[in-house]
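**Student:** Sequence:
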Amino acid sequence: MRRLAALVLILLALPGAAMAGDLVLSLSKSRITITSSFAGESIVLFGVIEAGDAGDDGQPYDVVVTVRGPNESFVTWRKERRFGLWVNVDSRSFLAAPSYLAVLSNREPSLMAPADILRQEQAGFVNNRLLQRVGSDFADVVPEDPFRQAFLRVKQAQGLYIENAAGVEFLAPHVFRAAFPIPGTAPIGTYEVVVKTFAGGAPVSRGAVRLDVGKVDFEQAVATAAQDHPWFYGLVTAFGALAVGFVANVAFRRD
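Following the working numbering, the numbering of the sequence shown begins with 28 at its first residue and continues without gaps.
Treat the hints as calculated values from the structure; they're not laboratory data. Treat the hints with care, as some may be off.
Restraint-style ranges between C-beta atoms, simulated for each label pair [stated by the list, open to error]:
| id | residue 1 | residue 2 | range |
| --- | --- | --- | --- |
| 1 | 104 | 241 | 38 to 44 angstroms |
| 2 | 257 | 210 | 41 to 47 angstroms |
| 3 | 210 | 147 | 44 to 50 angstroms |
| 4 | 181 | 269 | 14 to 20 angstroms |
In silico lysine to aspartate or glutamate, DMTMM-like type, Cα no more than 20 angstroms apart, as pairs [what the hints assert, rightly or not]:
| id | residue 1 | residue 2 |
| --- | --- | --- |
| 5 | 56 | 239 |
| 6 | 182 | 77 |
| 7 | 242 | 219 |
| 8 | 182 | 68 |
| 9 | 106 | 172 |
| 10 | 56 | 68 |
| 11 | 56 | 172 |
| 12 | 56 | 167 |
| 13 | 106 | 171 |
| 14 | 242 | 77 |
| 15 | 182 | 171 |
| 16 | 182 | 167 |
| 17 | 182 | 196 |
Glycine is no exception: its CB is placed at the ideal position from the N, C-alpha and C atoms.
Starting from the given sequences, assemble the full structure and let the hints guide the process.
**Tutor:** The following block contains the structure:
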């Protein structure tokens, strides 16, 4: 028990530490700064589960870690071959979907609890809700929906959606770690890292910490200008391109 208390104190001293009920969580870094040379970084989450009633009966703990980036809207298109050409024939809009999603666990979530509990807790990759506009309605469709599957394939190919059923490692019965990558193409904003524990097929505790991903110096100034003054940013970019072309023409003309 003293060893567990010491680990709690050490984790609380780390950056990005938080204590929520029976969970103590800490990130190796609470902020990532993106520069022009940023190629990605790996963040490590450490957690301690304080012994409680759920652990007294000898049931082992299961952990699901879900990392969500800032919400964005996306459109997925379905193409068909018509008259020898591939054309867009249908689309589906995904509303307020996480721009980044990583789901890590110590084993397959389907083995941790009944399916209805996992859906309610959004524990597991397929159980994360992705709100779609279907005609005039808004709903989260079944996992086998072709538009949903296509959307997940695209995001996984971009390295922005990650699933790892062996991504949580127990260092001790109540101590775990999980590492997740932040790619160079990661959107800026606040990322929420949510940890849920299960024992005996039932949810036990929940905790969350935040990770800030932002740009600095010149990169941040450009990003802010593009977001706050899009028309001015577009004009400056266009005139800049014309100026570069004019200078190149003067410098390299042969007559």
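**Student:** Work down the list of hints and note, for each, if the structure agrees.
**Tutor:** Tested hints:
For residue 104 and residue 241, the hinted distance range of 38 to 44 angstroms is not satisfied, since their beta carbons lie about 31 angstroms from each other. Range check, residue 257 to residue 210: about 25 angstroms between beta-carbon atoms, so the 41 to 47 angstroms window is missed. The given range of 44 to 50 angstroms is broken by residue 210 and residue 147, whose C-beta atoms sit roughly 30 angstroms from each other. Range check, residue 181 to residue 269: Cβ separation about 34 angstroms, and the 14 to 20 angstroms hint is violated.
A distance of roughly 9 angstroms separates the Cα atoms of residue 56 and residue 239; the hinted pair therefore holds under the 20 angstroms criterion. Between residue 182 and residue 77 the CA atoms are separated by roughly 36 angstroms; this puts the pair beyond 20 angstroms, and the hint is violated. Pair hint residue 242 plus residue 219 holds up; C-alpha atoms about 18 angstroms apart against a cutoff of 20 angstroms. As the CA atoms of residue 182 and residue 68 are separated by approximately 18 angstroms, the hinted pair is consistent with the 20 angstroms bound.
Restraint check for residue 106 and residue 172: the C-alpha separation of about 16 angstroms stays at or below 20 angstroms, so the hint holds. As the CA atoms of residue 56 and residue 68 are separated by approximately 10 angstroms, the hinted pair is consistent with the 20 angstroms bound. Note on residue 56 and residue 172: the hinted pairing is violated, with a Cα-Cα distance of about 37 angstroms set against a maximum of 20 angstroms. Under the criterion of a C-alpha separation no larger than 20 angstroms, the hint pairing residue 56 with residue 167 is inconsistent with the structure, at around 33 angstroms.
With a CA separation close to 18 angstroms, the supplied pair residue 106 and residue 171 stays within the 20 angstroms bound. For the proposed pair residue 242 and residue 77, the alpha carbon gap of about 36 angstroms is over 20 angstroms, so the pair is violated. The straight-line distance between the Cα atoms of residue 182 and residue 171 is roughly 16 angstroms, inside the 20 angstroms bound, and the hint therefore holds. Between residue 182 and residue 167 the alpha-carbon distance is near 17 angstroms, which keeps this suggested pair within the 20 angstroms criterion.
Note on residue 182 and residue 196: the hinted pairing is violated, with a Cα-Cα distance of about 25 angstroms set against a maximum of 20 angstroms.
Checked against the numbered hints above, the structure breaks hints 1, 2, 3, 4, 6, 11, 12, 14, 17 and satisfies the rest.
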